[in-house]
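The primary structure of each chain is shown beneath.
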Amino acid sequence: MEQAVVSGHQLETSTGLDNRKLLMWVFLASECLFFGSLIAAYLLYRDRSVQGPYPSDLFDIPFTSVSAFVLLMSSVSMVLALSSIQRGNRRGLQIWLFTTAVLGILFLSGQAYEFTVFHHEGLSLSRNMFGTTFFVLTGFHGAHVTVGVLILLSLFTMTLQGKITQEESLPIELAGLYWHFVDIVWIVIFTLIYLIQP
Amino acid sequence: MTLADYRKIRPEDLEAKEAETGAHAHPSALEYVQIGIVLAIVTAIEVGLYYLDISHNLLVVLLIGLSALKFSLVVLWFMHLRFDNRLFSQFFILGFLLALSVFMVAVATLHGKLV
Numbered sequence: 001m002e003q004a005v006v007s008g009h010q011l012e013t014s015t016g017l018d019n020r021k022l023l024m025w026v027f028l029a030s031e032c033l034f035f036g037s038l039i040a041a042y043l044l045y046r047d048r049s050v051q052g053p054y055p056s057d058l059f060d061i062p063f064t065s066v067s068a069f070v071l072l073m074s075s076v077s078m079v080l081a082l083s084s085i086q087r088g089n090r091r092g093l094q095i096w097l098f099t100t101a102v103l104g105i106l107f108l109s110g111q112a113y114e115f116t117v118f119h120h121e122g123l124s125l126s127r128n129m130f131g132t133t134f135f136v137l138t139g140f141h142g143a144h145v146t147v148g149v150l151i152l153l154s155l156f157t158m159t160l161q162g163k164i165t166q167e168e169s170l171p172i173e174l175a176g177l178y179w180h181f182v183d184i185v186w187i188v189i190f191t192l193i194y195l196i197q198p
Numbered sequence: 199m200t201l202a203d204y205r206k207i208r209p210e211d212l213e214a215k216e217a218e219t220g221a222h223a224h225p226s227a228l229e230y231v232q233i234g235i236v237l238a239i240v241t242a243i244e245v246g247l248y249y250l251d252i253s254h255n256l257l258v259v260l261l262i263g264l265s266a267l268k269f270s271l272v273v274l275w276f277m278h279l280r281f282d283n284r285l286f287s288q289f290f291i292l293g294f295l296l297a298l299s300v301f302m303v304a305v306a307t308l309h310g311k312l313v
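Chain order of the listed sequences is L and E.
For the first sequence, position 131 matches number 131 in our numbering, and the numbering has no gaps at all.
For the second sequence, position 89 matches number 287 in our numbering, and the numbering has no gaps at all.
So here's chain L without its partners, still in its complex pose:
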């Protein structure tokens, strides 16, 4: 069999690439469709509500901006975690992984607070079209962040047990790809849903 060589590593796969990483990219491509559909649904129905509350009554841009900033910075800490382990710095990996998880939890706390405020203002899943599409879109994003935090905490535990090494850093890379994807989805949501209002 012809041996493939990628980035200095020999992989005996038909593409020469690591199948786990390829699978992650295919998964992320499918996630583009998933979130693209939810965002389209929101933009189509947000101003077709026959009763309030409406987006302009509820959105707190300064608060959401801080949340967006927190998630953006978690992407920086995630890439620093990967960079650390690729350079053999396990202590750095632990610190940055933990930081990323904490920032993720902070973002989720902000989202929980926002949902609570909106609920008290009278918005619910069944209240109007804005409520339905907004909660489904941001709720699914929050669920993705929650899964990401659980993955990060699992990886953090594995690093404490010494199971992640410089040579076997792929789990960190895959978790990073997932986490950055969750971040870019929020970049789009923050602009299209919060900042651009009809």
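Misleading hints may appear alongside valid ones.
Claimed, not checked - Going by beta-carbon spacing under 8 Å, a handful of chain E positions derived as facing chain L:
#	residue
1	G234
2	S265
3	F286
4	V300
Hints in this document: simulated from the structure, not taken from any laboratory.
A virtual CB, placed ideally from N, CA and C, is assigned to each residue, including glycine.
Position chain E relative to chain L; hints supplied.
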């Protein structure tokens, strides 16, 4: 470089090329931090624009442009698509374009007002 060409490269060739050019497969931690700072500044500009009294159409164009910039920075640098094999990029771009197509078709069919 095609995937077939890439597969023919030997590890020692890659190492020699890196040593020759001083290039590394991935950016340094400092570069990541610099990109993070750029992302934070762009976010601040976006929020600032939101409060400016400018025309709605101009605001939409500027915000989507800045958002695309942030999206690209994260995908190309943090997700390493700029440095990784092209096959990964092709898969992701395919998914992204499909999503965009579904989005446009849905909006056109239902006569949606996007902005």
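Quiz item: Which hint numbers does the structure go against, in order from smallest to largest?
Solution: Structure breaks no hint.
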